[in-house]
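Participant: Protein sequence lines correspond, in order, to chains F and Y. Start counting the first sequence at 279; every next residue gets the next number (the numbering used here). Start counting the second sequence at 223; every next residue gets the next number (the numbering used here).
Any given hint might turn out to be false.
Calculated Cβ distances over 12 Å to all of chain F for the following chain Y residues [as the list claims (entries may be wrong)]: (1) Arg236; (2) Lys284; (3) Ser316; (4) Thr336.
Derived Cβ-Cβ restraints for the label pairs, each shown as a range [stated by the list, open to error]: (5) Glu290(Y) / Lys295(F): 33 to 41 Å; (6) Ser323(F) / Asn275(Y): 34 to 42 Å; (7) Gln292(F) / Gln302(Y): 28 to 36 Å; (8) Lys319(F) / Arg244(Y): 36 to 44 Å; (9) Lys273(Y) / Gln292(F): 30 to 38 Å; (10) Thr336(Y) / Asn285(F): 18 to 26 Å.
Only pairs whose alpha carbons sit at most 27 Å apart, straight line, appear in this in silico DSS-like list of lysine-lysine [said to hold, decoys possible]: (11) Lys293(Y) / Lys382(F); (12) Lys249(Y) / Lys281(F); (13) Lys319(F) / Lys266(Y).
It should be emphasised that the hints constitute simulated quantities derived from the structure, not laboratory data. We treat Cβ as the ideally placed atom computed from N, Cα and C, and that holds for glycine.
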Amino acid sequence: ELKVEQNPLFLSMQEGKNYTIYCNYSTTSDRLYWYRQDPGKSLESLFVLLSNGAVKQEGRLMASLDTKARLSTLHITAAVHDLSATYFCAVDMGGSQGNLIFGKGTKLSVKP
Amino acid sequence: NAGVMQNPRHLVRRRGQEARLRCSPMKGHSHVYWYRQLPEEGLKFMVYLQKENIIDESGMPKERFSAEFPKEGPSILRIQQVVRGDSAAYFCASSPFAVASPLHFGNGTRLTVT
Numbered sequence: 279e280l281k282v283e284q285n286p287l288f289l290s291m292q293e294g295k296n297y298t299i300y301c302n303y304s305t306t307s308d309r310l311y312w313y314r315q316d317p318g319k320s321l322e323s324l325f326v327l328l329s330n331g332a333v334k335q336e337g338r339l340m341a342s343l344d345t346k347a348r349l350s351t352l353h354i355t356a357a358v359h360d361l362s363a364t365y366f367c368a369v370d371m372g373g374s375q376g377n378l379i380f381g382k383g384t385k386l387s388v389k390p
Numbered sequence: 223n224a225g226v227m228q229n230p231r232h233l234v235r236r237r238g239q240e241a242r243l244r245c246s247p248m249k250g251h252s253h254v255y256w257y258r259q260l261p262e263e264g265l266k267f268m269v270y271l272q273k274e275n276i277i278d279e280s281g282m283p284k285e286r287f288s289a290e291f292p293k294e295g296p297s298i299l300r301i302q303q304v305v306r307g308d309s310a311a312y313f314c315a316s317s318p319f320a321v322a323s324p325l326h327f328g329n330g331t332r333l334t335v336t
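Whenever a hint applies, use it, and build me the whole structure from the sequences.
Facilitator: So this is what it looks like as structure tokens:
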């Protein structure tokens, strides 16, 4: 069975701290996406990672992909309250276009 | 450029009724996808459509669910004879072409079956 596992599922951090969210997947893929979802809202695309060793950064977030380990990480640097949201990774397992397998999400709460 | 537009935002149906969810993709996007999200879960792929064609419906339940994307007008996800287990958020997404571009999601329709 194709699986995408995120951990942790819940993360409470203080402002200013660093932390990493992990996304493991069960089969070969070289396309991985990170999305952010605010409560009751839609999903916003954060990063598209398309090759082994890909690293992308936007503000306080940095995402990387290791296709050999089947692992992606989302690193948060010096967290601020505005980063509070649920973060999803999604993997293209080689099926049809747009048929992504999503993790369950990591609910991040950044406290002052 | 308007984003992906879904309506209604909230839909309440009694068991046995029909639910129709509408999605207009972003301008210039010809690929539409429907996903379902249960509470505290990630999104589950349902169907991928292009104009007048269903490309991949591997995630659609075999009964009661259907989807279309006509030549003119929005894509429609139709659920017949709804049951309580159909209560979920249904998201539509679109993309411009069949390469590894990120999906652009709408705000979703939250279906509640009473």
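Participant: Arg236(Y) clear of chain F by more than 12 Å, beta carbon to beta carbon?
Facilitator: Arg236(Y) is indeed farther than 12 Å from all Cβ atoms of chain F, at 24 Å.
Participant: Does Ser316(Y) clear chain F by more than 12 Å, comparing its Cβ with all Cβ atoms of that chain?
Facilitator: violated (9 Å)
Participant: Checking a non-interface call: every C-beta of chain F should be farther than 12 Å from the C-beta of Lys284(Y). Is that right?
Facilitator: holds (17 Å)
Participant: Regarding Ser323(F) and Asn275(Y), is the given constraint of 34 to 42 Å on their beta-carbon distance met?
Facilitator: Violated - the Cβ-Cβ distance for Ser323(F) and Asn275(Y), about 25 Å, lies outside 34 to 42 Å.
Participant: State, for the Cβ atoms of Gln292(F) and Gln302(Y), whether the hinted interval 28 to 36 Å holds or is violated.
Facilitator: violated (49 Å)
Participant: Can you let me know if the beta-carbon spacing of Lys273(Y) and Gln292(F) is within 30 to 38 Å?
Facilitator: violated (50 Å)
Participant: Run the distance test for Lys249(Y) versus Lys281(F): straight-line Cα separation, threshold 27 Å.
Facilitator: Measuring from Cα to Cα gives roughly 33 Å; hence the hint is violated.
Participant: Is it true that Lys319(F) and Arg244(Y) lie within 36 to 44 Å of each other by Cβ?
Facilitator: violated (19 Å)
Participant: Starting from Lys319(F), check that the Cα of Lys266(Y) is at most 27 Å away, please.
Facilitator: Between Lys319(F) and Lys266(Y) the Cα gap is close to 17 Å, so the pair holds against 27 Å.
Participant: Holds or violated: the 18 to 26 Å window for the beta-carbon distance between Thr336(Y) and Asn285(F)?
Facilitator: At roughly 35 Å between Cβ atoms, Asn285(F) and Thr336(Y) fall outside 18 to 26 Å, so the hint is violated.
Participant: Is the Cβ of Thr336(Y) farther than 12 Å from every Cβ of chain F?
Facilitator: At about 20 Å from chain F, Thr336(Y) clears the 12 Å cut-off, so the statement holds.
Participant: When you take the CB atoms of Glu290(Y) and Lys295(F), is the distance between them in 33 to 41 Å?
Facilitator: Between Glu290(Y) and Lys295(F), where Cβ atoms are some 48 Å apart, the hint is violated.
The structure does not agree with the numbered hints 3, 5, 6, 7, 8, 9, 10, 11 and 12 stated previously, though it agrees with the rest.
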